[in-house]
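**Q** Taking my numbering, I'd label the letters of the sequence shown as residues 6 to 358.
Calculated from the structure, these hints are not laboratory results.
There may be inaccurate statements among the hints.
Stated by the list, open to error - Within a straight-line C-alpha distance of at most 25 Å, the following computed DSS-like cross-link-like pairs (lysine-lysine) qualify:
{"no.": "1", "residue 1": "Lys102", "residue 2": "Lys26"}
{"no.": "2", "residue 1": "Lys182", "residue 2": "Lys283"}
{"no.": "3", "residue 1": "Lys245", "residue 2": "Lys301"}
{"no.": "4", "residue 1": "Lys102", "residue 2": "Lys283"}
{"no.": "5", "residue 1": "Lys289", "residue 2": "Lys102"}
{"no.": "6", "residue 1": "Lys283", "residue 2": "Lys245"}
{"no.": "7", "residue 1": "Lys182", "residue 2": "Lys102"}
Remember, it's a predicted structure, so these values are computed and weren't measured experimentally.
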Amino acid sequence: MERQPPPVTRCTENPIVVPGKYPWRMATVFNPAVHYEDGIFTMFERTAGQLRPFICYIGMLQSVDGVHFDHVSDEPIFTPEMAGSRLGSVQDPRIAKIEGVYYMTYAYRPFAWNSHPTGVGVPESFEPQCKGHTGNPADNMTRTGILRSENLRDWKHHSWATPKELDDRDVILFPEKIRGRFAAFRRPLQFVGDGYGTDRPTAWISYSDDLHDWSSPELIDIPRHDWESSRMGMSTPPIKTEQGWLAFHHGVEVEDPTTRRVVYRLGAMMLDLENPAKVIRRPKRFLMQPETYYEKVGLYIPNVVFPTAAIAIDDSLHLYYGVCDTAIALATVSLSETIEWVMSADPPEPAGI
């Protein structure tokens with residue numbers, strides 16, 4: 006019988022990272038990548054200085070306790086211009102150290118939207134009118150790039166993980182190779198309908214020998230529950246355990262289509278170590294949902310918890326997450342209890358055609 010989810014403890018100092026200080030992060034900071042090594046937490050934040058246009062950058066911070074972070078530079082470590090377009094946006098980084106090299110995936114939009122928050126649901130966003138942009142959304146898809154670094158501070162664009170014709174984000178590298186190949190979660194927005202095995206955007210996986218050429222995506226699972234009825238995607242780099250890959254995913258539920266009111270929650274699943282497209286266990290219940298004021302009320306999208314980093318230190322799992330696309334928060338949960346909860350679930354029915 007599936008157990009109740011383990012208790013999640015929110016940091017009493019939440020939100021731990023907030024907007025301000027520099028022009029490029031005056032409006033929002035959220036959805037960070039976090040790496041822990043040699044007693045240092047290194048965070049890469051998604052930031053924006055304004056919403057019209059909603060140009061996003063990636064800033065770098067460090068901490069010795071995982072709660073109090075300081076910037077290492079007064080400038081972003083990665084900008085849209087470095088990705089190819091000064092008017093674009095670089096978003097939602099995730100980090101993995103693989104065979105001694107640091108890799109960071111990021112979502113990239115060539116031309117940043119103009120966003121108008123409503124305070125109730127998903128903002129109204131419009132294609133910008135600017136030089137070089139046709140105004141056609143098909144010419145402004147969000148694709149995913151990969152950065153490479155030897156030291157965590159100096160980053161260079163390494164390759165594209167997805168084609169520009171496909172809206173494909175939530176691309177997250179595994180922290181080690183699978184059967185000698187790089188592996189990455191994906192969430193191709195257009196992979197729905199006949200022939201795909203799903204009627205809503207969901208989680209897939211691809212493999213590569215060189216981070217340049219990727220295999221055709223394999224379906225991992227589909228939205229099955231009310232709390233993920235709109236779509237789902239993977240959230241953080243997976244954690245290797247004796248039972249399999251512990252993977253976290255976000256689920257989106259539309260509560261009111263008229264006002265575009267949504268709720269983002271966090272779930273978990275266990276994937277096979279040698280074949281991560283195979284789901285071993287997947288609980289029906291979610292692990293986290295918006296509960297506190299800062300998780301329900303914010304500048305951009307209300308009712309959002311969106312973890313993008315999971316750091317395991319002994320039995321403590323540190324979840325770093327964006328709240329309302331406005332700030333960054335921290336929660337902790339027992340790693341062993343999380344694994345026990347996930348493994349108490351029944352194996353899901355196979356997904357796909």
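**Q** Confirm or reject each hint.
**A** Quick rundown of the hints versus the structure:
1. Lys102 to Lys26: Violated, at roughly 30 Å.
2. Lys182 to Lys283: Holds, at roughly 16 Å.
3. Lys245 to Lys301: With Cα atoms ~32 Å apart, Lys245 and Lys301 exceed 25 Å; violated.
4. Lys102 to Lys283: holds, 24 Å
5. Lys289 to Lys102: violated, 31 Å
6. Lys283 to Lys245: holds, 15 Å
7. Lys182 to Lys102: Judged against 25 Å, a Cα distance of about 11 Å means the pair holds.
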